[in-house]
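Number of protein chains: 2
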Amino acid sequence: MKVLVLGGDGFCGWPTALHLSAQNDQVLIADNMSRRRIDRELQVESLTPIEQLPVRLDAWQTLTGQTIRFVELDVAMEYERLLALIHEAQPDAVVHFAEQRAAPYSMKSAAHKRYTVDNNLRATHNVLCAIVESSLDIHLVHLGTMGVYGYQTAGLRIPEGYLPVSIEIAPGQSVQREILFPSDPGSVYHMTKTQDQLFFYFYNKNDKVRVTDLHQGVVWGTQTKETQLDERLINRFDYDGDYGTVLNRFLMQAAVGYPLTVHGSGGQTRAFIHIRDTVRCIELAIHNPPRRGERVRIFNQATETHRVRDLAQLVARLTGATVQHVPNMRIEAEENELLIHNQGLRDLGLQPIRLSDGLLEEVHAISKRYAHRCDRSKIPCLSQWRAEHAATPTSRSATCT
Amino acid sequence: MKVLVLGGDGFCGWPTALHLSAQNDQVLIADNMSRRRIDRELQVESLTPIEQLPVRLDAWQTLTGQTIRFVELDVAMEYERLLALIHEAQPDAVVHFAEQRAAPYSMKSAAHKRYTVDNNLRATHNVLCAIVESSLDIHLVHLGTMGVYGYQTAGLRIPEGYLPVSIEIAPGQSVQREILFPSDPGSVYHMTKTQDQLFFYFYNKNDKVRVTDLHQGVVWGTQTKETQLDERLINRFDYDGDYGTVLNRFLMQAAVGYPLTVHGSGGQTRAFIHIRDTVRCIELAIHNPPRRGERVRIFNQATETHRVRDLAQLVARLTGATVQHVPNMRIEAEENELLIHNQGLRDLGLQPIRLSDGLLEEVHAISKRYAHRCDRSKIPCLSQWRAEHAATPTSRSATCT
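Protein chains in written order, with my numbering: chain A, 1 to 401; chain B, 402 to 802.
Bound conformation, chain A alone:
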């Protein structure tokens, strides 16, 4: 298959591009290099020594004989070039990772909120417009987030996108409907993903665009089978307060001898997936597209759930680190249950990697191995989330789960 990967230089995009290429898909990457620009803005670096994209691609070709083409292109800002690229490349599928993906970053300031909204919504809409304008029957695979559902789910096992509800239309008379799960975003970033769902709903209904929306959990792990072939292919490991997800920050804190900082009680439950399962899920989604005319297909791309404080304990046990509780800036319950349905991708063949099986490798192969590259000043999160927090110095911290 011919696959266009938008955002193919990023943390999920890069290993996905390699994985698809390894399956003999013909891969074309478009990326505006925004993730590397944001590294410079935040004065942070991946813990792992990632190479420039052309070096990565040369290494891949040398090692495997497979060519991945790359076009530097801003999906949100260069519509005509995107359309021309689609006309020229005639992809069977477009995988859309071209969004700003850090919740804390999206809350840093008005400028960061506006950048996240402008970039993410324009990018998604441009892709859909270009697919329609091209008249090609392209399958769009989008990386969504479990965060669209929110976490106030009242004991409900979160379904894969669609929720059956009963609506009373007259006293004693109800109708059953299956609706898009009512969304409850917790950050500007998550908000854009809930708005993306409405783009997909409309263009699927009006133009029959085939869409798979993958609501991904928090990704852990760094390397895939392909990225570990050679250090020039190594994937990003973010541990800073904006882009580092909870597990990476714990691993980094442990590696440099810091206590593991848990925001609030740590009773927040989150869904997780290993990066190797991410790339496998994308492959499964691409190779099992919805039929033309089928509604937007939604899968929960997460394999297990954990409380944040349990993760801290797990890392503490593996590493000998201590655990420290700090204030939580997010508007969220201190404790939540999280039950999820995730059979869809398993039915397509996914066999999940368990956290309990993979975490020790992550400790040794990544966080300890590259600990000398860590800039310790970058671990805390400084997004203030709400205006009223700005005044109090103790509150300049927010959970980066």
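Source of the hints: derived by calculation from the structure; they are not laboratory data. Honestly, I wouldn't trust all of these hints.
What the hints assert, rightly or not - Listed below are the simulated EDC-like cross-link pairs for lysine to aspartate or glutamate, each with C-alpha atoms no more than 16 Å apart in a straight line:
#, chain 1, residue 1, chain 2, residue 2
1, A, Lys205, A, Glu294
2, A, Lys378, A, Glu45
3, B, Lys606, A, Glu332
4, A, Lys378, A, Asp39
5, B, Lys403, B, Asp493
6, A, Lys208, B, Glu733
7, B, Lys779, B, Glu442
8, B, Lys609, A, Glu332
9, A, Lys208, A, Glu294
10, A, Lys205, B, Glu733
11, B, Lys609, B, Glu695
12, A, Lys205, A, Asp137
Following the hints, complete the assembly by docking chain B onto the known chain A.
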């Protein structure tokens, strides 16, 4: 009260600005003149001879002694100027009309889809960001649309924004929740209004921004008490295939001796409101703001519902015109019921003007009086809605309801 009216030169914005000024509110208009630019793009003009905004404002001051200040500003593109204006003017309320509001226009081409999305979503998000960044407790009053609900409502009387549903969380065990009505937009324009709802939901939850979202029906009528004071204050009357709503097109067709064109069977039921009630509703919303911390307040700003073919018959009876059925390009049921709740604004004091009482005046005072200004070539709508319609010449027409 101090009120900033965004989009205060438009069809709803202009009479709203005058009405609020007449109630002794201190009114400031910001507008980028985009509606007049689109007139030039489409080579159409308001049937009524509207004056340039400075002429309008001078006339208002001469007639009433009231000053309305005007700043030319693009809400979607000039965030820093918007923020500075809010800091300087310190409004109690911002009324947000600064969106592209024609469904057919939003479907004309990829460029029009992208313009509508970029303009509307950026405008709404910029206003919310600026309110939060200003730290002022400003009430945002937004003009939404009844079209967010869609028209497949299965006999349900559409509530004012929030729908009580029952969700089964285990066999035989259900929870009751009140959710944002599941949206079902029928055009890119309507889609942006469903996405606006998620902006409001998030900024209300995260930053306690006070928001009233008014889901307006199709507006009919042209003049308000204030705009009819002097011809220099006259309001727009759009009859073209993009911006002319169904009733205006019928009135125009009748005035120039054309048959009234009904798309499909005309069994589509829509909600309506007179422009005089629109301005009164905005006044009521501004003067009855939600409390800080209250969820987004949603009212259905529509006073009656009619089937399109019944409206055609009504205009035919008043004018002697004939009725002609033409194909419908929209993806919608040929026939739909539409029952709505609209008690919220009545409870605040709205006393609706009935179509049966006001339509004859509209025929004589506007459509017949200015019929000599009509460009008959502009009445049909040429938006093709979906790509597959482009090939067939008979289908180059869509309902502009």
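Verification of the supplied hints:
no., hint, in the structure
1, A:Lys205 x A:Glu294, "holds, 9 Å"
2, A:Lys378 x A:Glu45, "holds, 10 Å"
3, B:Lys606 x A:Glu332, "holds, 10 Å"
4, A:Lys378 x A:Asp39, "holds, 11 Å"
5, B:Lys403 x B:Asp493, "holds, 5 Å"
6, A:Lys208 x B:Glu733, "holds, 14 Å"
7, B:Lys779 x B:Glu442, "holds, 12 Å"
8, B:Lys609 x A:Glu332, "holds, 14 Å"
9, A:Lys208 x A:Glu294, "holds, 8 Å"
10, A:Lys205 x B:Glu733, "holds, 11 Å"
11, B:Lys609 x B:Glu695, "holds, 8 Å"
12, A:Lys205 x A:Asp137, "holds, 14 Å"
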